[in-house]
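Asker: Okay, here's what each chain looks like letter by letter:
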Amino acid sequence: MSNSVSALNGASATGFATVRDMGLQGMITVRGDLSATAVKQALASALGGEMPGAGHINPSDSGHTAWMSPDELMVLVPYASADAKLAEITDGMGDTHHMAVNVSDARCMFAVSGDDALVREALAKLMPVDLSSAAFKPGQFRRSRMAQVPAAVWMAGPGEARIVCFRSVAQYVFDLLKGATAPGSEVRYMA
Amino acid sequence: MLILTCPCCGVTGEETEFHGGGEAHLKRFGPGSTDEAFHDYLFSKVNPKGVHLERWRHNNGCGKWFHAARDTVTLEIYGTYPAQTTEPPQSVKDAITAKRPGWSWREFA
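Line by line, the protein sequences are chains G and Y. Per our numbering: the first sequence = residues 1 to 191. Per our numbering: the second sequence = residues 1001 to 1109.
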């Protein structure tokens, strides 16, 4: 069996904040009527934790659950357990109309860490989103774009941002983040 | 720069997060209709100065289509409303009337 690696295999770059490819991350996309009782029950028993409200990400028993759109969730689990978790979700759903797919190898995840204001500033250079600490708090989840490609972002904690994008644009996103955190390019707008 | 609020996911973003989808509330004419009706459906789009109703898609977000009422002169957004409607809701009409009394757009006013 070939050895699975993430798109950039753990690459990192350090400027005024540290950019890091987080390696393999299990991701399952679930689509369906999220307000339907059968769907809610299946997800609650398979994932645990509270289901996230619109635009939020909540911790689950083995990772996180993020709200992607009115009919879509993204389930973050350890890479090795993605297939098992997917089977658990599918079993729980039974005949309920839904779609659940393991998309771990189609996406990649980055971390930007450092001083909270500087991390937010680096992302704000790339995304048309108000990332000030007053407007974008830990627990919120925002899908938008990063320069020319779609990306989702959330704050795992103060000074700890997480970014999810498609694997095919991983190098592009890494280079963007590296450029945005280049030493000497601090704007200190949010400081 | 247009500031749109997606009625599906509630996110307020600027226009590069969205993508315009042309005129709203088109009535489709296909097989069985007259050539003239089909031609008008395909090509006769309004290009107003002022109030305009359009379709937009939140393509760098939740991916859903919705409707937006905007002003092509001032670039303000009067309101956004779900795609599953055949005419703008009263609240959007009222918002337009407040700024542009006596407005009309195709059959709506």
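There's no promise every hint is true.
Stated by the list, open to error - 27 Å max Cα-Cα, derived DSS-like pairs, lysine-lysine:
| hint | chain 1 | residue 1 | chain 2 | residue 2 |
| --- | --- | --- | --- | --- |
| 1 | G | Lys125 | G | Lys40 |
| 2 | G | Lys125 | G | Lys137 |
| 3 | Y | Lys1045 | G | Lys125 |
| 4 | Y | Lys1099 | Y | Lys1049 |
| 5 | Y | Lys1064 | Y | Lys1045 |
| 6 | Y | Lys1027 | Y | Lys1049 |
| 7 | G | Lys40 | Y | Lys1064 |
| 8 | Y | Lys1027 | Y | Lys1045 |
| 9 | G | Lys137 | Y | Lys1027 |
Since the hints were derived computationally from the structure, they do not count as laboratory data.
Asker: Under the criterion that the straight-line Cα-Cα distance not exceed 27 Å, is the pair G:Lys40, Y:Lys1064 satisfied?
Answerer: holds (22 Å)
Asker: Taken at face value, is the distance from the CA of Y:Lys1049 to the CA of Y:Lys1099 at most 27 Å?
Answerer: holds (14 Å)
Asker: Does the structure keep G:Lys137 and Y:Lys1027 at a Cα separation of 27 Å or less?
Answerer: violated (43 Å)
Asker: Run the distance test for Y:Lys1027 versus Y:Lys1045: straight-line Cα separation, threshold 27 Å.
Answerer: Given pair Y:Lys1027, Y:Lys1045 holds - Cα atoms ~11 Å apart, limit 27 Å.
Asker: Given the proposed pairing of Y:Lys1045 with G:Lys125, does the C-alpha separation stay at or below 27 Å?
Answerer: violated (38 Å)
Asker: Are the Cα atoms of Y:Lys1027 and Y:Lys1049 separated by 27 Å or less?
Answerer: Cα-Cα ~22 Å, so holds.
Asker: Take a quick look at whether G:Lys125 and G:Lys137 sit within 27 Å of each other, Cα to Cα.
Answerer: Status holds; Cα separation ~18 Å.
Asker: Quick one, are G:Lys125 and G:Lys40 close enough, alpha carbons at most 27 Å?
Answerer: Violated. G:Lys125 to G:Lys40 sits at ~37 Å, over the 27 Å cutoff.
Asker: Tell me if the straight-line CA distance from Y:Lys1064 to Y:Lys1045 falls inside 27 Å.
Answerer: holds (23 Å)
Of the numbered hints listed earlier, those contradicted by the structure are 1, 3, 9.
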